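One letter stands for each residue in the lines below.
There are 2 protein chains.
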Amino acid sequence: MATSFHNPSCHHCKDRFSSIFCKAEQCNLDQIAEAKVCSVYRKGQVIFHEGAYPFGVYCVNDGKIKLSHSGDDGREQIIRLVRDGDIMGYKALLSNERYTATATALEDSSICFIPKDLFLNILQKDASLSFEMMRILSSELRKAELKITHLAQKPVRERLAETLLFIKETYGLEADGHTLSVRLSREEIANLVGTATESAIRLLSEFKKDGMIELEGKKIRLLDLAEIIRTANLQE
Amino acid sequence: MATSFHNPSCHHCKDRFSSIFCKAEQCNLDQIAEAKVCSVYRKGQVIFHEGAYPFGVYCVNDGKIKLSHSGDDGREQIIRLVRDGDIMGYKALLSNERYTATATALEDSSICFIPKDLFLNILQKDASLSFEMMRILSSELRKAELKITHLAQKPVRERLAETLLFIKETYGLEADGHTLSVRLSREEIANLVGTATESAIRLLSEFKKDGMIELEGKKIRLLDLAEIIRTANLQE
DNA sequence: CCCCAATCCTGACAAATATCATATTCCCGC
DNA sequence: GCGGGAATATGATATTTGTCAGGATTGGGG
Chain D
1307 MATSFHNPSC HHCKDRFSSI FCKAEQCNLD QIAEAKVCSV YRKGQVIFHE GAYPFGVYCV
1367 NDGKIKLSHS GDDGREQIIR LVRDGDIMGY KALLSNERYT ATATALEDSS ICFIPKDLFL
1427 NILQKDASLS FEMMRILSSE LRKAELKITH LAQKPVRERL AETLLFIKET YGLEADGHTL
1487 SVRLSREEIA NLVGTATESA IRLLSEFKKD GMIELEGKKI RLLDLAEIIR TANLQE
Chain U
1307 MATSFHNPSC HHCKDRFSSI FCKAEQCNLD QIAEAKVCSV YRKGQVIFHE GAYPFGVYCV
1367 NDGKIKLSHS GDDGREQIIR LVRDGDIMGY KALLSNERYT ATATALEDSS ICFIPKDLFL
1427 NILQKDASLS FEMMRILSSE LRKAELKITH LAQKPVRERL AETLLFIKET YGLEADGHTL
1487 SVRLSREEIA NLVGTATESA IRLLSEFKKD GMIELEGKKI RLLDLAEIIR TANLQE
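Taken in order, these protein sequences are the chains called D and U. Numbering follows the numbering used here, in which position 93 of the first sequence is assigned residue number 1399; successive positions increment by one, without gaps. Numbering follows the numbering used here, in which position 93 of the second sequence is assigned residue number 1399; successive positions increment by one, without gaps.
For the record, the hints were derived by calculation from the structure and aren't laboratory data. Just so you know, not all the hints are guaranteed correct.
Since the list can't tell identical chains apart, any single copy or any two copies may satisfy a pair.
Unchecked claim - With a cut-off of at most 20 Å between alpha-carbon atoms, the simulated SDA-like pairs for lysine to any residue come out as follows:
id, residue 1, residue 2
1, 1329, 1340
2, 1524, 1503
3, 1431, 1441
4, 1514, 1323
5, 1449, 1359
6, 1329, 1359
7, 1460, 1536
Just so it is clear, the structure is predicted and the values come from calculations on it, not from any experiment.
Between the sequences and the hints, there should be enough to build the whole structure, so can you do that?
Dropping the structure here:
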C-alpha cells in the first residue's frame, strides 16, 4: 500500500490557486485540511481500480497519473492525464457509481484523499466550490467530445501529432525547452492516441526522420513545433 | 425564426419529474416559469450554432434534437441525442465559452429557453439544482469516455449495433414494440457511429440479411434484440 | 558488469474501412 | 402523377491500419 505521512496544509499547498479549491470558502478548506490523508504512490502503483466503489476524491499534490479504461479485449484506453492540482475520482462520486477508470501513477506521486461525505457535504454548502466543479466537468466534457470527433474523423498520423501537443500542454517541457517532461512507453502513447502500438512506433519514427522530433529511449524532444502543429491539422 | 407562443407552465410540464429541475426549489421554478420563452422549431431547423455565444440554456419540452460537431473537413459528428426533459447548451454557459456544437431539430420540437443570468443565478442559490447539474455532467462525461474507448477499440460492425441500441434507449420504440421512433438518414446514423455513410448502409443491409433488423425507408425495426446485443459485444 | 525480460523497431502481410463510380429508389413540390 | 434532385444501395478499388513474426536494443536486478 502507499505510504501516508503527516498531512501537508491545504493553505500552503502550491496548487491552492489553480485547483478546484481556489475559490472555496476558508472554513471549508480548514475542514478538508483536517480530514484529508496524503499518501505517496510509487510509479506504476494503482490509486484506484475500475469497478471499485469510491470512498472519496483524490487531489494530486505532486505527480503524474494516467486514467484509463480497460477495453473489452483488455486493451487499455487512456482517457485522461492528471497533473498537480487536479482532482480525480469525482465522476464516480457524483453519480454514485463505481469507478469506470483505473488511476495509475506514471511517476512517484503524492496524492491527498478527501473522504466522500465531507466532500459532498461541502459541495452542497459552498456554491463557489460547486460552480468550480461544474466548470471542470464542462471543460472535461468538451475535451472528451472533441476527442470523439477526432477519433472518428482524423487519421492516426494527425492524432499522434495532436497527442504530442496534448502531452506538452498537460505536463510541459523540461528545462531544455524541448523534451516532454513525462516518460511514457510507446504502448501508452498508442493507448492515448487510440491505435496499435506498432503504428505509434512507426509514425514516431517517421516524425523523427522528418526532423519534427528526436527520440532517445523514452525521452521525446519536440524539435519543430510548427510542423507538429501543422501535422496535427487542428482547426478549432 | 422559430415560432414562440405563450409559455406553458413549468409546474405542469410533463417532464417536471425527470428533468434537471425535478429537485429544484419551488420558488426558483416560479422564476424560471416566469422568464422562460418557449418556441417551436421545425424539423431541420437549427436551435443554436457551433461558434455562437450562449445567452441561456434550452430545455426540451417535446421533441428530438441532435447535437453535432462539424469536423475539420466539414463532416458532421453527432455527439448527443437530446430528448424530452433534457437540457442543452449548458456546457458553453458554464465554461463561459462559445458553443462547440450545433443543435438541430430531428423533428418538430417545442423548446424552452431560460436566460443565462437567471439560470446561473439560481444555480448559485439552489444546491439541489446544482447537484443535479453535476450529476448530469458526470453522466455525460462517463458516456463520452466510454464512446472514446469504443471508437478506438471496436470495429464498425459492433459500433453500429451499439448505436441502434443507443437510439432505442434514447427515443424508445413505436407502439409495435420494434420500430425505432425516430427517423434518421443513413448519413446521420453513420455520423453517430463515426464511419462513412456507405459503410453504415452496407452493414445495415447485412444486419437485415441476417434477420436482425428490418428496413423500410427510414424506418428501422429491431427484430432480434438479443442478436443485436450480441453483435454489439458489450461487456461493461 | 552482465544477463534476461521488457520494450522497441521493422518488414511482410492481412483485414478493415474509405473512396469512387454507378445504379436504383424515394420523396417533394408542382 | 410526374419530373428531378436527393438519398439509398451496391460493386470495384484504394488506402489505412492492424496483426504477426522476428530481430535489435534497453534497462533493471542480481
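(message) Let me make sure I understand: some of the numbered hints might not hold for this structure. Which ones are they, in numerical order?
(response) 4, 6
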